[in-house]
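Trainee: Residue numbers (our numbering), protein chains in the order written: chain A, 1 to 308; chain B, 1 to 259.
Errors might be hidden in some of the hints.
Covered by chain B, according to a simulated footprint, are these stretches of chain A (three or more residues, beta-carbon under 8 Å) [said to hold, decoys possible]: (1) 40 to 51; (2) 55 to 63; (3) 155 to 162; (4) 181 to 191; (5) 268 to 276.
I should point out that these hints are in silico values taken from the structure, not numbers from a laboratory. All figures in this text were calculated on a predicted structure; none of them were measured in a lab. Ideal placement from N, C-alpha and C gives every residue a C-beta, glycine not left out.
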Amino acid sequence: MDLRVAFAGLTLKNPLLTASGTFGYGREAAEIYDLGILGGVMVKGVSREPWPGNPPARVARAPGGMLNAIGLQNPGLKHFVEVDLPFLRRYQTAVVVNVVGHDQQGFVDVVQGVTGQEGVAAIELNISCPNVADGLLFSQDPASARRLVQAARAATGLPLIVKISPNVTDPVALGQACKEAGADALSAINTLLGMAIDTARRRPVLGNRTGGLSGPAVKPIGLRIVYDLAAQVGLPVIGMGGIETGLDALEYIMAGARAVAVGTAVFRDPYAPPRIVRELGEELQSHGFENATQAWAAANPAAREAAS
Amino acid sequence: MRGWDLEVTAANRPAPGYAEISCKAPQAVAALPGQFFMLRAGEHPDTYLPRAFSWYRQEAPDRLSFLFRVQGPGTRHLGGLRAGDHLYALGPLGHGFTLPERPVRAALLGGGVGVPPLWGLARNLLAGGSEVLALIGARSGAHLVGAEEIAALGAEVRLATDDGSAGRKGLLTDLLEGEQVDALYACGPEPMLRRVQEISLGAGLPAELALEAPMACGYGVCMGCVVERTRPQDELGDYGRYARVCREGPVFRAEEVRF
């Protein structure tokens, strides 16, 4: 089965990436399998300076998934470029750098800082993290998203992906604004804002009070948003949200995703990514496809029209 | 770390609200005292994530058991396993206890659900020629776990309970009064660990604390299980404010963590 996919200036050996914030910078998974088996790694959000993250507790139980409020703890741009990126370069996989910032300049400085570094395949702007105070600032107003994407566009020639929030009334309007500002692709979805209560202590479980819901529970929402973005914005979409199996990945691809990312599933099963790559090949075959590209948007004719 | 499919050989209720699940485990599992595993079994709608437990006993080279308190849907599910069921275990994970280079007299403090990692520690300390004073506490005598098992290894065991129904009534750390020991090892509820930390810092006595934290992955990628460091790692600035319990721990030196 030919699993290769190409879109937005990216060529991936297969459509499976690991989602940002669920895979660190690849070091832990590399202890148990060759990262070269992956289509790509979307690294944990990188900010200009090191960020400490939120006070604990940072994770909570939720039916069919979990809540997290990590708060983008990361060692910062310098450490990423000097330590993490060289490590990832040892593997034959596409590295997508997820970029975070407190303000527009913070984003742009990281975009500039990783552009031109060997081994960076693309940039993903994280304008949709629900767990930091200003995380959704650029998602809740398409005009400020547009300005940010324009500034990032001006700072890099790398494929520019914007991660779309499900915590907005109209993800399509947000995607449209990103497209007009020069984005090459969209990724969706980030986590859904939620909460859990500790009844014994009479307070929210999470130190941040609210957190992002992820896991199998959010898959229907992810599919709906990917379907709409693919059909109505017309940019390539990397689909994610609750992917546990090759069949889940195929659903996203049929909904209009050019590639998919596995996230929370790696917490439950660190071997999930190589397993899903294998299962996706089997599912494509059993569904009568000859390659991964053929299955793209099979359930979303409007997406095929929008792209042509 | 790697994933293991373990067959359950026995399931017991050693005290009210506690379950001990014994498994057939290949010797290659090779877990050190203080290390832990992420456990899950089958499918359950309310237990998506695996649960972190340190291993408890190794009654034979090819056996491993887990002892935990049954308190929510996840632990109820795991506690309901029966002989012949299968348990998926990822591990061993994290850094375990540090054994002294020379034989010492060590005090091991286990409060309630914190007792399990002390069995393996006591066994290894005793094998290395150290003397082990195991101080074990619980709400009441009925809730004590691990005391007989640790005594059977050859450790000197003393008890403390909240209601005085077994051993001394009061705090576990009170049992340290008048004792001459060279090192402390502790696992249990946070207030108990804070007191052990105070004693360690006050007396200049080396202590290691095995911590527990809500955890999603157990192997370092989710960044969910952090504890605040007393001294952030300078070169990483703010990033170093928190350490991962699963990766940098779960065992920390007492002076390393801020509760």
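Trainee: All the hints need checking, so say for each whether the structure fits it.
Mentor: Comparing the hints with the structure gives:
no.	hint	verdict
1	40 to 51	holds (count 4)
2	55 to 63	holds (count 9)
3	155 to 162	violated (count 0)
4	181 to 191	violated (count 0)
5	268 to 276	holds (count 4)
Violated hints, listed in ascending order, are 3 and 4; each of the other numbered hints is respected by the structure.
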